[in-house]
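Quick note, the sequences are listed as chains A and B, same order.
The first sequence begins at 30 in my numbering and counts up by one.
The second sequence begins at 30 in my numbering and counts up by one.
Read the hints as simulated data drawn from the structure, not as lab findings.
Certain hints may be false.
It does not matter which identical chain is meant; a pair holds if it fits inside one copy or across any two.
[As the list claims (entries may be wrong)] Simulated pairs of lysine to aspartate or glutamate, DMTMM-like, Cα-Cα distance not exceeding 25 Å: (1) 195 with 78; (2) 85 with 67; (3) 222 with 208; (4) 65 with 126; (5) 66 with 152; (6) 195 with 151; (7) 65 with 38; (8) 65 with 187; (9) 65 with 78; (10) 85 with 151.
Treat the numbers as computed from the prediction; the structure is a model and nothing was measured.
Number of protein chains: 2
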Amino acid sequence: MANGGPEIEQLIQLLARLPGLGPRSARRAVLHLIKKKEQLMLPLSAALDRAVVAVKSCEVCGNVDTISPCSICSDARRGESGILIVVEDVADLWALERAGVGQVRYHVLGGVLSPLDGVGPDDLNLDGLIGRAHGYSEIVLAMNATVEGQTTAHYITDRLAGTGIKVTRLAHGVPVGGELDYLDEGTLSQALKARTEI
Amino acid sequence: MANGGPEIEQLIQLLARLPGLGPRSARRAVLHLIKKKEQLMLPLSAALDRAVVAVKSCEVCGNVDTISPCSICSDARRGESGILIVVEDVADLWALERAGVGQVRYHVLGGVLSPLDGVGPDDLNLDGLIGRAHGYSEIVLAMNATVEGQTTAHYITDRLAGTGIKVTRLAHGVPVGGELDYLDEGTLSQALKARTEI
Ligand SMILES: [Zn+2]
Ligand SMILES: [Zn+2]
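With the sequences and hints as input, model every part of the structure.
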């Protein structure tokens, strides 16, 4: 027997595809939703409907927001610092924002160069970065401290060589092999303050 | 700044309330949903809408299904065995069904007696159980092997004393302090086969 009919079974299968949830935790989540129908299931259903309609990818930086250009790209004060931070994913942008790094702008690559996985320069938002870099006085490369992250940083540094734009990277406060989104906010903040020129 | 606007922030906060998800995994889940908008976010939104409308609690046994009486209570073959298995939660019913325990019926108590937490007999679906028990030849008490679970089993045994209905419990294959929903299916199946009369 399927658990409580096809509607429930399908909900379990879809939730099980979320990162961090497996079949067992998806079953628990669905039972929890059903138990808390008024307080949680209905609001979640409505929030998901609204997000489906409202969420878009920023045409400038690749951030997700409900407007494009996003609220960060639309904020003139953030342009005045002249600092553009390049990140792999939106999760990293969110992590830096939670760390309160200040009035900066971002550029989301949407991944890293990884020849083994077939990810080349054309698969990332690199042309967009080169196209907008001239509007900034400093490009901070905030890729993860992984081999692919650092390879991508080297590639960007090469592409920007000769433009006169200052290129920096996060200080070696980021643990080797670590990922930005797992760091505490103090470490991230320190790493940005102590950034070094490449 | 909120992560990408109020719609996204609200979705994160609601998902973070699911068991097994915290704020960080909820953020990852939302970004994953946004990335897989067509393949995952839209189907999940639709599945949730359908489940909100369709899912109901079975008026007979407390199972969740899209019909009431549920598909188990409506299945005449399941009545012929004369076996009614009493469980704490729907998750336990699902676990027994996955174990393939056969043509049985269930009764979901919706919890266990727990004086310290203020849960008394009136807070559980106990009257419903006593009311329908006479239609069965054997009541299997399949509560968790916790103090509260066993207290509840004793209470039910007392209430059924003198009715002539055979009352059994799961065999001691269930680890002491363990919860049904965490057991592998073979253990559950064995525990049911070796059930003993109380
Ligand atoms: Zn933007
Ligand atoms: Zn039922």
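Okay, the hints, checked on the actual structure:
1. 195 with 78: Intra 43 Å, inter 51 Å, cutoff 25 Å: neither.
2. 85 with 67: between (28 Å within a copy, 13 Å between copies)
3. 222 with 208: Result: close within a single copy only, 18 Å intra versus 49 Å inter.
4. 65 with 126: Between copies, since 23 Å is at most 25 Å while 32 Å is not.
5. 66 with 152: Close across copies (19 Å), not inside one copy (42 Å); limit 25 Å.
6. 195 with 151: Result: close within a single copy only, 24 Å intra versus 71 Å inter.
7. 65 with 38: For residue 65 and residue 38, both the intra-copy (18 Å) and inter-copy (20 Å) Cα distances are at most 25 Å.
8. 65 with 187: So residue 65 and residue 187 fail the 25 Å test inside a copy (54 Å) and across (32 Å) alike.
9. 65 with 78: both (18 Å within a copy, 15 Å between copies)
10. 85 with 151: Cα proximity of residue 85 and residue 151: one copy only (21 Å, versus 50 Å across).
The structure fails hints 1 and 8 (numbered hints given earlier, in ascending order).
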